[in-house]
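Listed here are the chains, written in short residue letters.
Protein chains: 2
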Amino acid sequence: MGKDGTELREFGMEQCVGEASVRFREPVEIMASASVVGTKEGQGPLGALFDKVGQDDYFGGKTWEEAESNLQKEALRMAFAKAELEPKDVRFLFAGDLLGQSIASSFGVSEFGIPHFGLYGACSTCGEALSLGAMMIAGGFAERIACVTSSHFATAEREFRFPLEYGNQRPLSASWTVTGSGAFLLRRAGLQEPGRARILGMTAGRIVDYGLKDSMNMGACMAPAAADTLVRHFKDWGRSPAYYDHVITGDLGSIGRTAFLDLLAMRGIDLAEKHLDCGMLIYDAERQDVHAGGSGCGCCAVTLSAWILKQLEEGFWKRVLFLPTGALLSKTSFNEGKTVPCICHALVLEGA
Amino acid sequence: MGKDGTELREFGMEQCVGEASVRFREPVEIMASASVVGTKEGQGPLGALFDKVGQDDYFGGKTWEEAESNLQKEALRMAFAKAELEPKDVRFLFAGDLLGQSIASSFGVSEFGIPHFGLYGACSTCGEALSLGAMMIAGGFAERIACVTSSHFATAEREFRFPLEYGNQRPLSASWTVTGSGAFLLRRAGLQEPGRARILGMTAGRIVDYGLKDSMNMGACMAPAAADTLVRHFKDWGRSPAYYDHVITGDLGSIGRTAFLDLLAMRGIDLAEKHLDCGMLIYDAERQDVHAGGSGCGCCAVTLSAWILKQLEEGFWKRVLFLPTGALLSKTSFNEGKTVPCICHALVLEGA
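These protein sequences, in sequence, are chains A and B. Under this note's numbering, the residues of the first sequence are numbered 103 to 454, in order. Under this note's numbering, the residues of the second sequence are numbered 103 to 454, in order.
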């Protein structure tokens, strides 16, 4: 595969860079976004920034799964309202969640009637959706794209661990699944007034498996995947930590962060000053008893919508690398004694 | 959103057609593919055409889930061998299966180390993977792409119904999940000697839910989604059944086929002569006791690789519309009394 621009162009790979990255000819814009969260997230440090905090965690549903579907519906509705668009104005929707067969999404977004691509990347799904969505626009396949992801504490506990009624205890290395959904509308940049931020390109994650089996310490499991993607991103794009105002992982949490920084230090990269983690930003570790931090498809999605894009929009930051992380286990793989393979996608975001 | 070519070009939507379709500027080629199946599929009418039929249905694994992962590994390895390529020669991999959190894929493909996009579209996933993979190439984001999907009778029974050991009975409307995996390698057409077939474009499916709740009659649940996508495809592309040699659905089975043809007849479309269904092709209904037919992510993938592409390659057919269908239910949604929302993507295939 060609390494220099000329050769890449000959292959029709005009928007490729390096081994696994994409750099758009023309940036793609996040024109609008919305975040809807549960009560606990509303009480956290970012609480005032979310577009909507639910009254209870059922969001009008009769089951936790309906609640999560309603979260997606509400986030998507609010994003459309902010952009003054209707569902028919977007060409494709990329959606995903943590549940088996992605039922939160299937039941959440069907009423919009938008041609649909279902994704599964565990907690990295927000990064996967924005990556593929932006490529659809940069490739000339769509004018506008919608992306939505979600997670819910109670559905995730049932799906991966035990139903809440069992009163299961959680070790200190465990994370707390965020109840929340973030929705994003993408379009080509430069057409009208600037949107919230621009997506310049991405680096796709590989599945990285260090052989860890502790599903109650997913931060440590995911750290190698985050380090792998970050190192490949720097290589593909010819960049270093100095280029970015912040490198923001999805949901490594406090233990995962330590492992992530250690793995990078072993490769001569000092990221301590530049690194932030959505899982550590969304809850108050002192006050909210979430152990290692927040996690879930909703964690980085609502943090991106409510806080990261705001920082870019208001000019506090210019350039951010957004690194949603995901642990690709299931309760079946856990019960069969398997490891926790992980993945992380990187998105290059700049202020509009 | 613009309806005529000029307006679409102004929006940078050079490769869009109609409301939800994509037509590539330059076709994408399926350069190589491989199919690996279980014993029952090996005994079916297409048995001699599959690249490999397993000795037993464990494929060297200790669990059914490992077996399914090994199916994906083997299919992908054989596709690479046929194309005389290595995993590093493809830029991205699109993969998916039916299991919760797509574990067959995560554990199946991680050793290849290819940057990974996980998909969930139930039995339509093969169509979703080929659609997105082809768009990556036509958009200038990759020179070559790999796609792999799988299903396994025993993992699907555990995931959706009951473990095999329960000896559960199945109604005549139920389908039999295909044990099999199909892998495909895509590249731009016209670069070297012709590949197996060309992908000209696609029409993306919407989630269609007619309110049916019978998970033992998924053909009937999926028929409205297939009809919806087909009608929109004809509208977007300005085509009729006459244009195609065959319109081939993924896994409607015999009951789903009847519902599909009826729904089309209500809209004035007579497809009886042109329609084929992979679920009805893969088993011998008289001899193999599969009830309504085959189903699963593997069903249309192995039928495409072993038979449909062969017909195109050998010139028996010129143009085929490939319509993988998927039922987006889970055991949780079923147990909570929900409906079975469905989806179907359409791919336009032509002989190389």
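Hints may contain errors.
For chains that are exact copies, the list does not tell them apart, and a pair is met inside one copy or across any two.
Unchecked claim - Mimicking BS3-like on lysine-lysine, the simulated pairs with C-alpha atoms at most 30 Å apart in a straight line are: (1) Lys412 x Lys433; (2) Lys315 x Lys412; (3) Lys337 x Lys164; (4) Lys337 x Lys376; (5) Lys190 x Lys315; (6) Lys154 x Lys315; (7) Lys420 x Lys190; (8) Lys190 x Lys337; (9) Lys315 x Lys433; (10) Lys376 x Lys433; (11) Lys154 x Lys164; (12) Lys420 x Lys154; (13) Lys420 x Lys164; (14) Lys420 x Lys433; (15) Lys164 x Lys315; (16) Lys412 x Lys164; (17) Lys164 x Lys433; (18) Lys420 x Lys315; (19) Lys433 x Lys184; (20) Lys376 x Lys164; (21) Lys184 x Lys315; (22) Lys154 x Lys337; (23) Lys337 x Lys433; (24) Lys184 x Lys412.
Derived by calculation from the structure, the hints in this document are not laboratory data.
Against the structure, the hints:
In this assembly of identical chains, the alpha carbons of Lys412 and Lys433 never lie at most 30 Å apart, being 36 Å within a copy and 39 Å across copies at closest. For a Cα distance limit of 30 Å, the shortest separation of Lys315 from Lys412 qualifies neither inside one copy, at 37 Å, nor across copies, at 43 Å. Taking identical chains as interchangeable, the C-alpha atoms of Lys337 and Lys164 are never at most 30 Å apart, the minima being 49 Å within one chain and 39 Å between chains. Taking the closest pair of Cα atoms, Lys337 and Lys376 come within 30 Å of each other only inside a single copy of the chain (18 Å); across copies the shortest separation is 51 Å, beyond that limit.
Taking identical chains as interchangeable, the C-alpha atoms of Lys190 and Lys315 lie at most 30 Å apart only when they sit on different chains, with a minimum of 28 Å there against 44 Å within one chain. For the identical chains of this complex, Lys154 and Lys315 are neighbours neither inside a copy (36 Å) nor across copies (33 Å), given an alpha-carbon limit of 30 Å. Taking the closest pair of Cα atoms, Lys420 and Lys190 never come within 30 Å of each other, the shortest separation being 32 Å inside a single copy and 34 Å across copies. When the C-alpha separation of Lys190 and Lys337 is checked against a cutoff of 30 Å, the pair qualifies only between copies, where the shortest distance is 16 Å, while the shortest distance within a copy is 40 Å.
Taking CA atoms no more than 30 Å apart as the test, Lys315 paired with Lys433 passes in both settings, with 12 Å inside one copy and 25 Å between copies. When the C-alpha separation of Lys376 and Lys433 is checked against a cutoff of 30 Å, the pair qualifies neither within a copy, at 34 Å, nor between copies, at 43 Å. Proximity of Lys154 and Lys164 under a CA criterion of 30 Å is satisfied intra-copy only: 20 Å inside one chain copy versus 47 Å between copies. Taking identical chains as interchangeable, the C-alpha atoms of Lys420 and Lys154 lie at most 30 Å apart only when both belong to the same chain, with a minimum of 27 Å there against 53 Å between chains.
In this assembly of identical chains, Lys420 and Lys164 lie within 30 Å of each other by CA distance neither inside one copy nor across copies; the values are 43 Å within and 51 Å between. When the C-alpha separation of Lys420 and Lys433 is checked against a cutoff of 30 Å, the pair qualifies neither within a copy, at 40 Å, nor between copies, at 45 Å. Taking CA atoms no more than 30 Å apart as the test, Lys164 paired with Lys315 passes between copies only; the shortest distance there is 18 Å, against 34 Å inside one copy. Proximity of Lys412 and Lys164 under a CA criterion of 30 Å is satisfied in neither setting, with 34 Å inside one chain copy and 50 Å between copies.
In the homo-oligomer, the alpha carbons of Lys164 and Lys433 lie at most 30 Å apart both inside one protomer (24 Å) and across protomers (17 Å), since each shortest distance falls under that limit. In this assembly of identical chains, Lys420 and Lys315 lie within 30 Å of each other by CA distance neither inside one copy nor across copies; the values are 38 Å within and 50 Å between. In the homo-oligomer, the alpha carbons of Lys433 and Lys184 never lie at most 30 Å apart, since the shortest distance is 38 Å inside one protomer and 36 Å across protomers. In this assembly of identical chains, the alpha carbons of Lys376 and Lys164 never lie at most 30 Å apart, being 43 Å within a copy and 44 Å across copies at closest.
For a Cα distance limit of 30 Å, the shortest separation of Lys184 from Lys315 qualifies neither inside one copy, at 43 Å, nor across copies, at 35 Å. For the identical chains of this complex, Lys154 and Lys337 are neighbours neither inside a copy (39 Å) nor across copies (39 Å), given an alpha-carbon limit of 30 Å. Proximity of Lys337 and Lys433 under a CA criterion of 30 Å is satisfied in neither setting, with 35 Å inside one chain copy and 43 Å between copies. Taking identical chains as interchangeable, the C-alpha atoms of Lys184 and Lys412 lie at most 30 Å apart only when both belong to the same chain, with a minimum of 15 Å there against 50 Å between chains.
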